[in-house]
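> Chain residues, written in single-letter form:
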Amino acid sequence: MRRASPSAALLVFSLLMAWTAYGLGLGGITQPAPGFFPFWISSCLALTSMALLVQSLREEESVRSRPRFEFSVFWPVLAVIAATATFGIFLEHIGFLPTTFLMLAFFWFGIDGQPPVRGLLITATSAVCAYLLFDKLLGVHFPRGLLGF
Amino acid sequence: MPDIFSSLYYGFTVSLAPINFFACFMGVLVGTAIGVLPGLGPVATMSLLLPITIRMEPTAAIIIMAGVFYGAMYGGSTTSILLNLPGEASSVVTTLDGYQMARQGRAGPALAICAWGSFFAGTLGVLGITLMAPPLAELAVRIGPPELVALLFLSFILVVQFSGGSALRAAASVLLGFLLSTVGLDPVDSSPRFDFGTFTLLDGVGFAPLVIGLFGIPEVLLNLNKSEGMEVFKGRITGLWLTRQDWKDASPAIVRGSLIGFFMGILPGMGTIIPPFLSYSLERRISRRPEMFGKGVIEGVAGPESANNSAVAGSLIPLLTLGIAPSAAVAVLTAAFLTHGVQPGPLLITEHPEIFWGVVTSMYTGNVLLLLLNLPLVGIWARLLTIPYRYLWPLILLFCTVGAYSVNNNSWDIVLMAIFGLLGYGMRKLNYPAAPLVLSFVLGQLFEEKVRQSLVISRGSYEIFIAHPLALAAWIATALMLIYPLLQWGKGRLSLPSGNNK
Numbered sequence: 001m002r003r004a005s006p007s008a009a010l011l012v013f014s015l016l017m018a019w020t021a022y023g024l025g026l027g028g029i030t031q032p033a034p035g036f037f038p039f040w041i042s043s044c045l046a047l048t049s050m051a052l053l054v055q056s057l058r059e060e061e062s063v064r065s066r067p068r069f070e071f072s073v074f075w076p077v078l079a080v081i082a083a084t085a086t087f088g089i090f091l092e093h094i095g096f097l098p099t100t101f102l103m104l105a106f107f108w109f110g111i112d113g114q115p116p117v118r119g120l121l122i123t124a125t126s127a128v129c130a131y132l133l134f135d136k137l138l139g140v141h142f143p144r145g146l147l148g149f
Numbered sequence: 150m151p152d153i154f155s156s157l158y159y160g161f162t163v164s165l166a167p168i169n170f171f172a173c174f175m176g177v178l179v180g181t182a183i184g185v186l187p188g189l190g191p192v193a194t195m196s197l198l199l200p201i202t203i204r205m206e207p208t209a210a211i212i213i214m215a216g217v218f219y220g221a222m223y224g225g226s227t228t229s230i231l232l233n234l235p236g237e238a239s240s241v242v243t244t245l246d247g248y249q250m251a252r253q254g255r256a257g258p259a260l261a262i263c264a265w266g267s268f269f270a271g272t273l274g275v276l277g278i279t280l281m282a283p284p285l286a287e288l289a290v291r292i293g294p295p296e297l298v299a300l301l302f303l304s305f306i307l308v309v310q311f312s313g314g315s316a317l318r319a320a321a322s323v324l325l326g327f328l329l330s331t332v333g334l335d336p337v338d339s340s341p342r343f344d345f346g347t348f349t350l351l352d353g354v355g356f357a358p359l360v361i362g363l364f365g366i367p368e369v370l371l372n373l374n375k376s377e378g379m380e381v382f383k384g385r386i387t388g389l390w391l392t393r394q395d396w397k398d399a400s401p402a403i404v405r406g407s408l409i410g411f412f413m414g415i416l417p418g419m420g421t422i423i424p425p426f427l428s429y430s431l432e433r434r435i436s437r438r439p440e441m442f443g444k445g446v447i448e449g450v451a452g453p454e455s456a457n458n459s460a461v462a463g464s465l466i467p468l469l470t471l472g473i474a475p476s477a478a479v480a481v482l483t484a485a486f487l488t489h490g491v492q493p494g495p496l497l498i499t500e501h502p503e504i505f506w507g508v509v510t511s512m513y514t515g516n517v518l519l520l521l522l523n524l525p526l527v528g529i530w531a532r533l534l535t536i537p538y539r540y541l542w543p544l545i546l547l548f549c550t551v552g553a554y555s556v557n558n559n560s561w562d563i564v565l566m567a568i569f570g571l572l573g574y575g576m577r578k579l580n581y582p583a584a585p586l587v588l589s590f591v592l593g594q595l596f597e598e599k600v601r602q603s604l605v606i607s608r609g610s611y612e613i614f615i616a617h618p619l620a621l622a623a624w625i626a627t628a629l630m631l632i633y634p635l636l637q638w639g640k641g642r643l644s645l646p647s648g649n650n651k
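Chains A and B, in that order, give the protein sequences.
Residue numbering for the first sequence follows our numbering, beginning at 1 and increasing consecutively.
Residue numbering for the second sequence follows our numbering, beginning at 150 and increasing consecutively.
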């Protein structure tokens, strides 16, 4: 069932999108309303994901011999995604420099396991250099946040 | 013909202006660097540069982005040859014979033929644009919304057919991209769609968060676990001057690879990844020593490397003449044009000749610069590979977040990028191609707009879509593209029993 689950998720997603698009109004075939295109695209996606689902269920037997899902491989992926999303959420409130420092520190210490002194030095230098490069040199205006930079 | 020469002269006066020349140099330099470094491809890098180039002049901005695109093709081969790991996707085939040549002490000739092959192919490709784009653009001016609808639909089908791997997965990817393109305001009556009450989605899904998320983030995530085992070629790189025999073996492959790359690059969905494979398989098929392929033959390096470079030039033709992006990297270039308020397409030559001819001639200059950067400085590029990836990936991620943020100065775009990053990672793991998603995201908006425009023109009649010969031809081509795999499938099923008996 593991191989079938992405197709099943895609099917559920496309049906939800088709339902939402239907709510926007379809109009007529000669005069499409805002929901017309999204509805038919979602429907085609639902059909495609159904075909993929059937295909994956047929292949299920051969999948059993595949290596199992390993948490040790997947956790850095989730951690990186979560850290990046958290960076986006807190950027406006805390400001670029502290958020960057915290994110890079998490990457180098939490995920990469760098030794403390070297890790701290690289993190601080990288955060300051990134601030100077993007904010001061290239004129990307970052939110000032709590500390004013 | 005299028109072409005067246009080229004008183009060189634009591209050799100090700021544009500097942009070209920076583009090819960055392109080579990211091509050499595994973990950040040209699509993600161009997306990262997109917000930085907003403050530049449009011509310089497009020149720098194009420089990154074709520069990465040069750089990618260095990693393939010295590390047995492609610097970027279009150099995968180069690893087969390139790394074997390096192991036999012929890293120098392998790198040299890559540089010369790329130079020849790049120059030939630019010559192709110079000669083909103006007449095609003249023809394209007469293309109205119904013909464009037919051509765009054909593009979607071609993208699915040529994406490689499962056509069903490619179709799902195309549909997902198309669906994402409908987020935001309706193109006709401006009513909001799928914005879920958020300001960020009201303006549609941002191009930078989508592309950086789908291409930049998964590269880092996939390399997190495998970077430590990389072993760089330790020997001295010698023999950069090729022997007469090397030239004799490689020259025909370079010419064939360049032609394959250029013409394949024009087709939507081909990108720069499939032409090198086609070139390699052709070289092996017509070779007098096919058994030596994969063991370090120079033509196995020369053909594919030429093909990926000329494919870059070929893929620019649909953009410059029709405004259609045939690959993900060209889709980023389209976004760069639009960000600067310039519509790529048939009117580009007449409305913005300085951009069109400036960019085309900058590619001649860029190819010369790349040859100078890649041959004498190959040792420096090789040393770049010795930087441990553990120091690079957090910085690549930081650049990704800054790139996603700075287009709209909206921090929620970073969250969106992270979500697309996870989607991109999942797609890579499950063998769903990401490039068709980006292509249909870009073309989908145009498709919906043109369909609805056509229906307004025809007052709701669908006959308008087949009324013009070009549109009819495109629909017939689409039908053939759809029927052909079915016929092959049926033929396979019919012939299977007799095959089994044999």
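Careful, some of the hints might be misleading.
Here are some chain B residues the structure puts well away from chain A; computed CB gaps all over 10 Å [said to hold, decoys possible]:
(1) 206
(2) 286
(3) 288
(4) 311
(5) 435
(6) 499
(7) 547
(8) 563
(9) 611
(10) 617
(11) 618
Stretches of chain B that chain A covers, calculated by requiring three or more beta carbons in the stretch to come under 8 Å of a beta carbon on chain A [claimed, not checked]:
(12) 193-205
(13) 316-328
(14) 338-344
(15) 357-371
(16) 411-417
(17) 538-544
(18) 594-606
Cβ pair distances, simulated, as ranges [said to hold, decoys possible]:
(19) 144(A) x 606(B): 30 to 38 Å
(20) 557(B) x 115(A): 16 to 24 Å
(21) 617(B) x 40(A): 18 to 26 Å
(22) 25(A) x 607(B): 18 to 26 Å
(23) 58(A) x 253(B): 40 to 48 Å
(24) 13(A) x 502(B): 53 to 61 Å
(25) 128(A) x 396(B): 49 to 57 Å
(26) 622(B) x 40(A): 47 to 55 Å
(27) 557(B) x 27(A): 29 to 37 Å
(28) 401(B) x 31(A): 29 to 37 Å
(29) 40(A) x 430(B): 35 to 43 Å
(30) 544(B) x 147(A): 51 to 59 Å
(31) 203(B) x 51(A): 37 to 45 Å
Keep in mind the hints are simulated off the structure, nothing from the lab.
By construction, the Cβ of each residue, glycine as well, lies at the ideal position given by its N, Cα and C atoms.
> Each hint should be assessed against the structure and marked as holding or not.
Here's how the hints hold up against the structure:
1. 206: holds (15 Å)
2. 286: holds (29 Å)
3. 288: At roughly 29 Å from the nearest Cβ of chain A, residue 288(B) sits farther out than 10 Å, so the non-interface label holds.
4. 311: Fine: 18 Å to the nearest Cβ keeps residue 311(B) off the interface.
5. 435: Nearest chain A Cβ is 36 Å from residue 435(B), so the label holds.
6. 499: Its Cβ never comes within 10 Å of chain A, the nearest being 32 Å, so this holds.
7. 547: violated (6 Å)
8. 563: violated (3 Å)
9. 611: violated (8 Å)
10. 617: At about 19 Å from chain A, residue 617(B) clears the 10 Å cut-off, so the statement holds.
11. 618: Holds, because the least Cβ-Cβ distance between residue 618(B) and chain A comes to about 24 Å, which exceeds 10 Å.
12. 193-205: With 3 residues in contact (Cβ-Cβ under 8 Å with chain A), the coverage given for the region 193-205 of chain B holds.
13. 316-328: holds (count 8)
14. 338-344: Check passed, 4 qualifying residues.
15. 357-371: Coverage by chain A holds for the region 357-371 of chain B (3 residues, Cβ < 8 Å).
16. 411-417: Coverage by chain A is violated here, the residue count being 0 at a Cβ distance below 8 Å.
17. 538-544: Result for this restraint: holds, n = 5.
18. 594-606: Contact hint for the region 594-606 of chain B vs chain A: holds, 4 residues under 8 Å.
19. 144(A) x 606(B): 30 to 38 Å: Violated, at about 51 Å.
20. 557(B) x 115(A): 16 to 24 Å: Taking Cβ atoms as reference, residue 557(B) and residue 115(A) lie about 39 Å apart, which means the hint is violated.
21. 617(B) x 40(A): 18 to 26 Å: About 24 Å separates the Cβ atoms of residue 617(B) and residue 40(A), which means 18 to 26 Å holds.
22. 25(A) x 607(B): 18 to 26 Å: Once the Cβ atoms are compared, 22 Å apart, the range 18 to 26 Å for residue 607(B) and residue 25(A) holds.
23. 58(A) x 253(B): 40 to 48 Å: holds (45 Å)
24. 13(A) x 502(B): 53 to 61 Å: Because 46 Å falls outside the window, the suggested range is violated.
25. 128(A) x 396(B): 49 to 57 Å: Check passed, 51 Å falls within 49 to 57 Å.
26. 622(B) x 40(A): 47 to 55 Å: 25 Å Cβ-Cβ, so the 47 to 55 Å window is violated.
27. 557(B) x 27(A): 29 to 37 Å: holds (31 Å)
28. 401(B) x 31(A): 29 to 37 Å: violated (58 Å)
29. 40(A) x 430(B): 35 to 43 Å: Holds, since residue 40(A) and residue 430(B) (Cβ atoms, about 38 Å apart) stay within the stated range.
30. 544(B) x 147(A): 51 to 59 Å: violated (22 Å)
31. 203(B) x 51(A): 37 to 45 Å: Once the Cβ atoms are compared, 42 Å apart, the range 37 to 45 Å for residue 51(A) and residue 203(B) holds.
Hint compliance for this structure: hints 7, 8, 9, 16, 19, 20, 24, 26, 28 and 30 are not met, and every other hint is.
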